[in-house]
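Trainee: Sequence:
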Amino acid sequence: MFSIVVVILLLPVASQLILGSFSIAGRVKTPYAAITRVNAIFEIALLVAAPKMLDVEAKIEHVRSLMPHTTFFTLAIFLFLTFLGIVACQLVWKKGEKRRLKKQRQSN
1 MFSIVVVILL LPVASQLILG SFSIAGRVKT PYAAITRVNA IFEIALLVAA
51 PKMLDVEAKI EHVRSLMPHT TFFTLAIFLF LTFLGIVACQ LVWKKGEKRR
101 LKKQRQSN
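Heads up: the sequence shown begins at 1 in our numbering, then just goes up one per residue.
Quick caveat, the hints were computed from the structure, so don't treat them as lab data.
The beta carbon of each residue, even a glycine, is placed where N, CA and C say it ideally should be.
Keep in mind that the hints are not guaranteed to be accurate.
The calculated lysine-lysine pairs, modelled on DSSO-like cross-linking and capped at a C-alpha distance of 27 Å, are [claimed, not checked]:
#1 LYS29 with LYS94
#2 LYS29 with LYS98
#3 LYS95 with LYS29
#4 LYS103 with LYS29
#5 LYS102 with LYS29
The calculated label-pair distances, taken between Cβ atoms and stated as ranges, are [said to hold, decoys possible]:
#6 PRO31 with LYS102: 16 to 26 Å
#7 GLY85 with PRO31: 13 to 23 Å
#8 LYS103 with ARG27: 19 to 29 Å
#9 ILE8 with SER107: 41 to 51 Å
#10 PRO51 with PHE22: 26 to 36 Å
#11 GLN106 with VAL6: 46 to 56 Å
#12 ILE44 with GLU97: 21 to 31 Å
#13 ALA49 with TRP93: 27 to 37 Å
#14 SER3 with GLY96: 31 to 41 Å
#15 LYS103 with ILE41: 29 to 39 Å
#16 THR71 with ASN108: 47 to 57 Å
#17 VAL7 with CYS89: 18 to 28 Å
Using the sequences plus the hints, can you model the full thing?
Mentor: Below you can see the structure in the form of structure tokens.
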């Protein structure tokens with residue numbers, strides 16, 4: 001059951017990777033800033049709520065603890081840093097895309 005918590009924590013990371021990339025590429029009409037803002041709020045909320053999910057999951061499974069909270073927090077921090085890394089790479093890509101479009105307009 002621990003895998004469910006990991007999948008829930010990975011949802012904002014995957015959403016940012018997919019929707020953010022499509023937004024920068026112009027395939028999705030939703031602004032990149034809105035996608036990033038929603039995913040960041042979700043990621044922070046899940047970091048706060050996930051320890052409680054672990055406790056509920058342990059009660060459902062009738063075990064004392066599925067995993068130590070220190071291991072969970074290490075994983076959660078790693079996933080949050082992964083999220084921030086994805087956002088940073090996408091911002092660099094977005095800036096390069098704007099420069100390319102600006103040069104393309106000037107050459108026409």
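Trainee: Are the hints correct? Go through all of them and say.
Mentor: Comparing the hints with the structure gives:
1. LYS29 with LYS94: Roughly 15 Å separates the two Cα atoms, so the pair holds.
2. LYS29 with LYS98: Given pair LYS29, LYS98 holds - Cα atoms ~16 Å apart, limit 27 Å.
3. LYS95 with LYS29: holds (18 Å)
4. LYS103 with LYS29: holds (23 Å)
5. LYS102 with LYS29: holds (20 Å)
6. PRO31 with LYS102: 16 to 26 Å: holds (19 Å)
7. GLY85 with PRO31: 13 to 23 Å: holds (21 Å)
8. LYS103 with ARG27: 19 to 29 Å: At roughly 22 Å between Cβ atoms, ARG27 and LYS103 fall inside 19 to 29 Å, so the hint holds.
9. ILE8 with SER107: 41 to 51 Å: holds (47 Å)
10. PRO51 with PHE22: 26 to 36 Å: Check passed, 32 Å falls within 26 to 36 Å.
11. GLN106 with VAL6: 46 to 56 Å: holds (47 Å)
12. ILE44 with GLU97: 21 to 31 Å: Check passed, 27 Å falls within 21 to 31 Å.
13. ALA49 with TRP93: 27 to 37 Å: Cβ of ALA49 to Cβ of TRP93: about 30 Å, so the range 27 to 37 Å holds.
14. SER3 with GLY96: 31 to 41 Å: The hinted range 31 to 41 Å holds for SER3 and GLY96, with Cβ atoms some 37 Å apart.
15. LYS103 with ILE41: 29 to 39 Å: holds (35 Å)
16. THR71 with ASN108: 47 to 57 Å: Roughly 56 Å apart at Cβ, these two residues keep to the hinted range, so it holds.
17. VAL7 with CYS89: 18 to 28 Å: Cβ of VAL7 to Cβ of CYS89: about 23 Å, so the range 18 to 28 Å holds.
The structure shown violates none of the earlier numbered hints.
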